[in-house]
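Asks: Sequence:
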Amino acid sequence: GVSFGNPSSIYTLAQEARNAVDDARQTIAGLIGCRISELIFTSGGTESDNTALKGVAFALRNVGNHIITTAIEHHAILHTCHQLEQFGFDVTYLPVDRHGLVDPDDVAKAITDRTILVSVMLANNEIGTIEPVAAIARTVKQEARRLDRNILMHTDAVQGAGFLDLNVRELGVDLMSLSAHKFHGPKGVGVLYVKRGTPFEPQMMGGGQERERRSGTENVPGIVGMAEAFRLACQERETTAARCVAMRDRIIEGLQDRVEHAHLNGHPVERLPNNVNIS
3 GVSFGNPSSI YTLAQEARNA VDDARQTIAG LIGCRISELI FTSGGTESDN
53 TALKGVAFAL RNVGNHIITT AIEHHAILHT CHQLEQFGFD VTYLPVDRHG
103 LVDPDDVAKA ITDRTILVSV MLANNEIGTI EPVAAIARTV KQEARRLDRN
153 ILMHTDAVQG AGFLDLNVRE LGVDLMSLSA HKFHGPKGVG VLYVKRGTPF
203 EPQMMGGGQE RERRSGTENV PGIVGMAEAF RLACQERETT AARCVAMRDR
253 IIEGLQDRVE HAHLNGHPVE RLPNNVNIS
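So in this note's numbering, spot 255 of the sequence shown is number 257, and the numbers just go up one at a time.
Hints in this document: simulated from the structure, not taken from any laboratory.
The hints are all genuine.
Below are the DMTMM-like pairs computed for lysine to aspartate or glutamate, each with C-alpha atoms no more than 25 Å apart in a straight line:
id, residue 1, residue 2
1, Lys111, Asp150
2, Lys197, Glu172
3, Lys189, Glu18
4, Lys56, Glu203
5, Lys189, Glu240
6, Lys197, Asp25
7, Lys189, Asp167
8, Lys189, Glu128
9, Lys143, Asp167
10, Lys197, Asp92
11, Lys197, Asp115
12, Lys143, Glu172
13, Lys56, Asp108
14, Lys143, Glu203
15, Lys189, Glu238
16, Lys189, Asp24
17, Lys111, Glu272
18, Lys197, Glu230
19, Lys111, Asp99
20, Lys111, Glu87
21, Lys143, Asp115
All of these numbers come straight from a predicted model, not from anything done at the bench.
Kindly generate the complete structure, drawing on both the sequences and the hints.
Replies: See the structure below:
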């Protein structure tokens, strides 16, 4: 079982809890291909998204005030962007095509000499479209080099966890949000990947936990449960995805055969294995 000790303390039970958190961090880091020091445990996807956008925006507000995102992001991104606009940030909300895809060229055209952050979700939570995040990240970094400035790339990968490869090096992102309950882990716990060297201003002040980037006593059982659920989800990803794709396609075909004018929303191929959206 998991110790009830406070992982920030030094007594024996506390150190057992600390070891459990450290082991969980190591597990998740290995599964997404990052350093253990690059992970921040949070209360879920919403906090991870808020922390990513605000942490970067306020850290770089003296360098630039322009943020790029899409019109179909989760409210955790959209509402955070709306709040940042009240603080003087300029946000561009990119459109998507009829399948819900973001065009990397549109991202490139939107970048200015004031752009500090681009945030594009890995997969849409409503229509299931998988976005070309790796291609967008490459475009962002190319434009950053051309402009000789640092432009950061964030992806909300909450919906894709358990179905898509989340290796942060291959995706090319600087920040990535995850939430445990999307891969059958506990509710109320998540994680934010922040690449080493990323300008970042903590949004939760207090005891200095998470390397002083997110204060507050760690949710030990939640973190441990999240790591184990993520390990199992990644281990079984291909099998689970294949099973879901077979059911997904059977449902889509059945509905389109039997329901007049049934229209599949989202991309017909580049979509999550577990998503069907018909109108």
